[in-house]
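Number of protein chains: 2
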Amino acid sequence: MLGLMQNQPLLISSLIEFAERHHGDAEIVSRRVEGDIHRYTYRDAARRARQVANALDTLGLAFSDRVATLAWNGYRHFELYYGVSGSGRVLHTINPRLHPEQIAWIANHAEDQVLCFDLSFLPIVQSIHAHCSTIRHFIALCDADRLPQDSGIPNLQSYEAWMGGHSDRYSWPSFDENSASSMCYTSGTTGHPKAALYSHRSTLLHAYASALPDVMGLSARDSVLPVVPMFHVNAWGIPYATALTGAKLVLPGPGLDGKSVYELLEAEKVTYAAGVPTVWQMLLSHMKPQGLRFSSLQRTVIGGSACPPAMITAFREDYGVEVLHAWGMTEMSPLGTVCTLKNKHQALSDEERMSIRLKQGRAIFGVDMKIVDDAGQELPWDGRTFGNLLVRGPWVVREYFKGEGGDPLQDGWFPTGDVATIDADGFMQITDRSKDVIKSGGEWISSIDVENLAVAHPAVAMAACVGMPHPKWDERPIVVVVKKPGAELSREDLLAFYEGKLAKWQIPDDVVFVEAIPLGATGKMLKTRLRETLKGYKLPGT
Amino acid sequence: MLGLMQNQPLLISSLIEFAERHHGDAEIVSRRVEGDIHRYTYRDAARRARQVANALDTLGLAFSDRVATLAWNGYRHFELYYGVSGSGRVLHTINPRLHPEQIAWIANHAEDQVLCFDLSFLPIVQSIHAHCSTIRHFIALCDADRLPQDSGIPNLQSYEAWMGGHSDRYSWPSFDENSASSMCYTSGTTGHPKAALYSHRSTLLHAYASALPDVMGLSARDSVLPVVPMFHVNAWGIPYATALTGAKLVLPGPGLDGKSVYELLEAEKVTYAAGVPTVWQMLLSHMKPQGLRFSSLQRTVIGGSACPPAMITAFREDYGVEVLHAWGMTEMSPLGTVCTLKNKHQALSDEERMSIRLKQGRAIFGVDMKIVDDAGQELPWDGRTFGNLLVRGPWVVREYFKGEGGDPLQDGWFPTGDVATIDADGFMQITDRSKDVIKSGGEWISSIDVENLAVAHPAVAMAACVGMPHPKWDERPIVVVVKKPGAELSREDLLAFYEGKLAKWQIPDDVVFVEAIPLGATGKMLKTRLRETLKGYKLPGT
Numbered sequence: 001m002l003g004l005m006q007n008q009p010l011l012i013s014s015l016i017e018f019a020e021r022h023h024g025d026a027e028i029v030s031r032r033v034e035g036d037i038h039r040y041t042y043r044d045a046a047r048r049a050r051q052v053a054n055a056l057d058t059l060g061l062a063f064s065d066r067v068a069t070l071a072w073n074g075y076r077h078f079e080l081y082y083g084v085s086g087s088g089r090v091l092h093t094i095n096p097r098l099h100p101e102q103i104a105w106i107a108n109h110a111e112d113q114v115l116c117f118d119l120s121f122l123p124i125v126q127s128i129h130a131h132c133s134t135i136r137h138f139i140a141l142c143d144a145d146r147l148p149q150d151s152g153i154p155n156l157q158s159y160e161a162w163m164g165g166h167s168d169r170y171s172w173p174s175f176d177e178n179s180a181s182s183m184c185y186t187s188g189t190t191g192h193p194k195a196a197l198y199s200h201r202s203t204l205l206h207a208y209a210s211a212l213p214d215v216m217g218l219s220a221r222d223s224v225l226p227v228v229p230m231f232h233v234n235a236w237g238i239p240y241a242t243a244l245t246g247a248k249l250v251l252p253g254p255g256l257d258g259k260s261v262y263e264l265l266e267a268e269k270v271t272y273a274a275g276v277p278t279v280w281q282m283l284l285s286h287m288k289p290q291g292l293r294f295s296s297l298q299r300t301v302i303g304g305s306a307c308p309p310a311m312i313t314a315f316r317e318d319y320g321v322e323v324l325h326a327w328g329m330t331e332m333s334p335l336g337t338v339c340t341l342k343n344k345h346q347a348l349s350d351e352e353r354m355s356i357r358l359k360q361g362r363a364i365f366g367v368d369m370k371i372v373d374d375a376g377q378e379l380p381w382d383g384r385t386f387g388n389l390l391v392r393g394p395w396v397v398r399e400y401f402k403g404e405g406g407d408p409l410q411d412g413w414f415p416t417g418d419v420a421t422i423d424a425d426g427f428m429q430i431t432d433r434s435k436d437v438i439k440s441g442g443e444w445i446s447s448i449d450v451e452n453l454a455v456a457h458p459a460v461a462m463a464a465c466v467g468m469p470h471p472k473w474d475e476r477p478i479v480v481v482v483k484k485p486g487a488e489l490s491r492e493d494l495l496a497f498y499e500g501k502l503a504k505w506q507i508p509d510d511v512v513f514v515e516a517i518p519l520g521a522t523g524k525m526l527k528t529r530l531r532e533t534l535k536g537y538k539l540p541g542t
Numbered sequence: 001m002l003g004l005m006q007n008q009p010l011l012i013s014s015l016i017e018f019a020e021r022h023h024g025d026a027e028i029v030s031r032r033v034e035g036d037i038h039r040y041t042y043r044d045a046a047r048r049a050r051q052v053a054n055a056l057d058t059l060g061l062a063f064s065d066r067v068a069t070l071a072w073n074g075y076r077h078f079e080l081y082y083g084v085s086g087s088g089r090v091l092h093t094i095n096p097r098l099h100p101e102q103i104a105w106i107a108n109h110a111e112d113q114v115l116c117f118d119l120s121f122l123p124i125v126q127s128i129h130a131h132c133s134t135i136r137h138f139i140a141l142c143d144a145d146r147l148p149q150d151s152g153i154p155n156l157q158s159y160e161a162w163m164g165g166h167s168d169r170y171s172w173p174s175f176d177e178n179s180a181s182s183m184c185y186t187s188g189t190t191g192h193p194k195a196a197l198y199s200h201r202s203t204l205l206h207a208y209a210s211a212l213p214d215v216m217g218l219s220a221r222d223s224v225l226p227v228v229p230m231f232h233v234n235a236w237g238i239p240y241a242t243a244l245t246g247a248k249l250v251l252p253g254p255g256l257d258g259k260s261v262y263e264l265l266e267a268e269k270v271t272y273a274a275g276v277p278t279v280w281q282m283l284l285s286h287m288k289p290q291g292l293r294f295s296s297l298q299r300t301v302i303g304g305s306a307c308p309p310a311m312i313t314a315f316r317e318d319y320g321v322e323v324l325h326a327w328g329m330t331e332m333s334p335l336g337t338v339c340t341l342k343n344k345h346q347a348l349s350d351e352e353r354m355s356i357r358l359k360q361g362r363a364i365f366g367v368d369m370k371i372v373d374d375a376g377q378e379l380p381w382d383g384r385t386f387g388n389l390l391v392r393g394p395w396v397v398r399e400y401f402k403g404e405g406g407d408p409l410q411d412g413w414f415p416t417g418d419v420a421t422i423d424a425d426g427f428m429q430i431t432d433r434s435k436d437v438i439k440s441g442g443e444w445i446s447s448i449d450v451e452n453l454a455v456a457h458p459a460v461a462m463a464a465c466v467g468m469p470h471p472k473w474d475e476r477p478i479v480v481v482v483k484k485p486g487a488e489l490s491r492e493d494l495l496a497f498y499e500g501k502l503a504k505w506q507i508p509d510d511v512v513f514v515e516a517i518p519l520g521a522t523g524k525m526l527k528t529r530l531r532e533t534l535k536g537y538k539l540p541g542t
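Going down the list, the protein sequences come from chains A and B.
Counting along the first sequence from 1, when you hit position 216 you're at 216 in the working numbering, and nothing is skipped either side.
Counting along the second sequence from 1, when you hit position 64 you're at 64 in the working numbering, and nothing is skipped either side.
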């Protein structure tokens with residue numbers, strides 16, 4: 001027997017309709033590519049999103065056709081979030097930091113029909129448009145009088161000329177809530193990028209969950225600054241969660257430097273900000289020498305990579321801002337865990353609480369997680385045992401766009417590619433990437449632990465720990481080290497340095513000194529490239 | 001094209017599984033009918049809910065079969081919430097305050113197979129069991145050694161004997177999230193009661209929404225006391241929202257008097273409590289003479305009926321507790337609006353904020369609302385115009401159980417039976433019930449406004465305003481008054497008292513003095529009965 005509640009699909013259009021109706025005069029403030037500040041309201045945004053929907057209808061775009069963006073966080077991008085998905089098309093946000101060749105590959109793979117881009121990215125579009133066989137319309141996110149002349153891009157139109165002439169009357173269509181709403185390609189360290197294809201249902205469930213007190217804690221009294229980009233996993237869903245709650249939305253455009261972010265935080269009385277550690281490091285570096293303070297900021301969620309303890313301490317103790325560690329993935333819409341404390345932790349000492357805050361946090365309702373060994377057996381939640389982290393839930397992918405990469409699931413669970421511990425209270429801590437962890441005689445050794453200890457040595461500039469084949473133990477760790485300029489350090493010195501800090505079997509078997517460790521575009525060490533350079537290396541005694 | 005996120009139905013069983021896995025040691029504390037305090041954890045509750053599921057399987061109950069409860073807020077009731085719905089049956093919570101004949105009617109109409117009841121309600125069950133033709137199993141929520149002897153109830157079992165012997169291993173079944181999960185009959189002032197039939201989907205969406213910062217704002221650091229009963233619209237969904245967030249749950253059992261509630265608030269460090277004004281009045285009356293304070297309570301949501309301004313002020317100013325006015329209905333799962341302020345209100349004076357706090361609040365995302373005139377035309381949101389309040393959303397009924405009462409919807413919207421204003425910021429205020437509002441020459445007059453002014457007169461004990469037929473104006477208001485013992489008051493005195501306080505056309509045409517006004521079981525004035533006693537009355541000048 002079915003219940004007798006109203007059948008109302010969970011659709012992205014209902015978010016912007018709700019924001020217009022119930023929070024019509026709440027503000028959306030954007031720093032534009034032009035450098036100035038633009039401000040308007042949810043009512044204005046809703047009106048213009050409907051114009052976008054009419055403009056897409058006029059282009060003849062079918063249901064589920066893809067509309068791509070190459071854009072910063074700004075109000076026009078926000079309008080596309082709603083106009084494209086709300087009218088039944090799929091918003092494809094492309095990361096402009098990728099190599100242009102990769103961008104063209106992605107646009108072709110997604111079969112994008114339209115590409116909307118900020119003028120900052122004109123050179124990219126100029127270099128790739130001839131290779132994007134499916135894109136029929138190029139739209140520059142600018143006023144008509146800013147449209148570049150002789151760009152070489154066929155039929156280039158300005159966004160304002162394109163959508164501005166259309167009616168702002170539009171009835172959002174109703175359809176299956178499982179329909180695709182938006183997509184995002186993972187950068188993928190190996191092989192071609194693969195796309196997560198979100199649905200209206202997954203987006204709305206994620207939006208509800210993301211605004212919960214133990215997640216981002218958003219209310220109509222907040223002013224929210226997503227420094228995390230709208231071209232990367234929908235800015236952690238913030239453009240949806242703010243519409244759901246009626247919070248003020250502050251969009252930083254291309255101004256991600258410390259000074260620009262600080263000015264926006266202060267001018268717009270931002271209470272909540274979300275970003276990656278690099279951005280917050282730039283902000284703190286800007287503030288400290290000048291003795292600047294926050295007058296409104298209350299809390300920040302930090303994700304993307306592990307947050308250095310010193311940063312958590314600085315935010316909390318020097319600036320009175322609560323820092324929440326979070327973890328997620330493109331494949332998870334992205335939120336999986338947030339590190340908010342429980343009732344029982346309130347009586348702990350500051351130091352004890354800090355040790356919890358360094359973890360990536362506990363699962364949000366809607367995300368289930370577990371750790372397993374290589375045979376898929378579930379491992380205990382004791383805070384020490386680490387295993388492959390698997391997740392499942394209604395905003396976790398079940399497969400990639402076009403089936404690329406085959407069926408990624410293991411018995412219905414998505415393998416995150418991370419290795420983690422989970423403690424008895426359900427707090428998860430990433431210890432390594434699955435491909436980097438060293439498997440020695442059935443025990444796992446975290447490459448990150450080995451590296452963190454190495455760089456704590458005063459003579460070490462950079463260190464990478466990798467596993468090397470071993471006849472008895474399968475793998476044994478070695479540490480590859482770049483010394484600081486002029487520093488003296490022997491193999492024996494460094495191995496002795498590990499004693500008492502790691503269990504004996506976790507200490508590397510060898511130290512290899514090199515001039516440099518290969519790095520990727522985002523500054524991450526490329527261990528696959530590093531391993532290639534170690535071809536022919538043999539562990540001592542083998 | 002569909003999105004590629006995991007297909008995971010929204011099921012009530014996932015709440016208790018999540019709570020067990022991620023908040024296993026968070027507490028559930030109950031005051032028992034026996035008078036003592038019982039405490040255990042979500043882990044224990046989850047285990048026992050699985051035993052209940054196995055016990056129901058053994059009884060041979062089919063999917064969607066109804067299991068009724070007559071019970072206070074307590075841990076066994078909590079286990080039934082999950083064991084019954086989680087295993088695919090429908091939990092039918094019956095209001096024990098109804099007349100026993102009505103309870104029997106409801107049990108028969110719902111075709112309940114099992115009735116679980118607290119021993120407080122043994123006399124009710126003794127008086128009705130012979131008339132409940134579908135109930136095959138009577139279960140007293142007590143230990144085996146407390147089971148009453150010679151109760152006259154056939155095959156009466158104790159809950160502990162019934163479920164205690166079953167395995168605590170059970171795989172919650174997966175099924176359509178639109179399946180019925182639970183039901184609640186409205187008390188219905190006219191005709192037979194009608195039942196709202198909730199689904200797993202509606203319950204989970206409501207649970208997400210209810211925990212939002214602008215709704216109940218629940219986190220794993222909260223200790224939550226629902227004084228609002230689990231036999232009435234699922235205690236506003238709190239037993240689900242606490243599992244979703246991992247909050248501590250404190251269940252008051254039958255102890256709703258001021259002393260019992262106060263002791264529980266303090267002993268269990270309750271941070272959040274929800275109830276109706278009557279209960280809070282008892283609490284404040286207990287505290288004031290003794291100069292008692294709250295040591296942990298931070299906020300309370302008040303609904304069920306309008307909260308007197310003096311109570312809001314007392315909680316806020318005398319006790320430092322934030323009071324949130326809320327509004328909902330059995331047909332709405334029940335939450336519709338909560339009165340949390342917006343960003344723009346933070347700069348207002350205390351007085352201005354108070355005028356907002358008296359309103360029932362603004363819509364939660366998931367509930368859409370509008371006011372319309374009798375022709376169904378939408379009315380403006382100006383805070384003055386009032387009209388019939390209509391709502392829609394995924395946790396609002398589309399029809400009643402067994403189609404009773406026909407199709408209640410108007411163009412897809414559910415008519416609440418309330419008359420309300422909505423202001424430009426979306427804050428709704430109930431001004432009357434649709435059946436009580438007086439329609440005079442196309443203008444509507446709030447009976448509540450007329451009554452509130454009458455009882456402000458020092459000589460008036462009770463007042464009811466009703467509309468009387470008028471040849472020119474359709475209806476005109478009169479006020480029916482019970483004088484305070486020994487007080488002197490003339491018709492002219494009271495009519496003069498209205499001058500300057502209401503517009504001339506809103507002032508009643510007449511005053512009728514009576515000895516008593518008929519009241520219902522819950523203390524509400526029965527205007528239909530009152531109108532019968534006024535049969536033959538004629539307005540002056542008609």
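Simulated from the structure, these hints should not be mistaken for lab results.
Incorrect hints may have been included.
Given that identical chains are not distinguished, each listed pair holds provided it fits within a single copy or across any two copies.
What the hints assert, rightly or not - Straight-line distance between alpha carbons at most 35 Å, and here's what the computed DSBU-like set of lysine-lysine pairs gives: (1) K370 / K269; (2) K269 / K344; (3) K344 / K259.
We went through each hint and held it up to the structure:
1. K370 / K269: Cα proximity of K370 and K269: across copies only (32 Å, versus 39 Å in one copy).
2. K269 / K344: Cα proximity of K269 and K344: in one copy and across copies (33 Å, 12 Å).
3. K344 / K259: Close across copies (27 Å), not inside one copy (39 Å); limit 35 Å.
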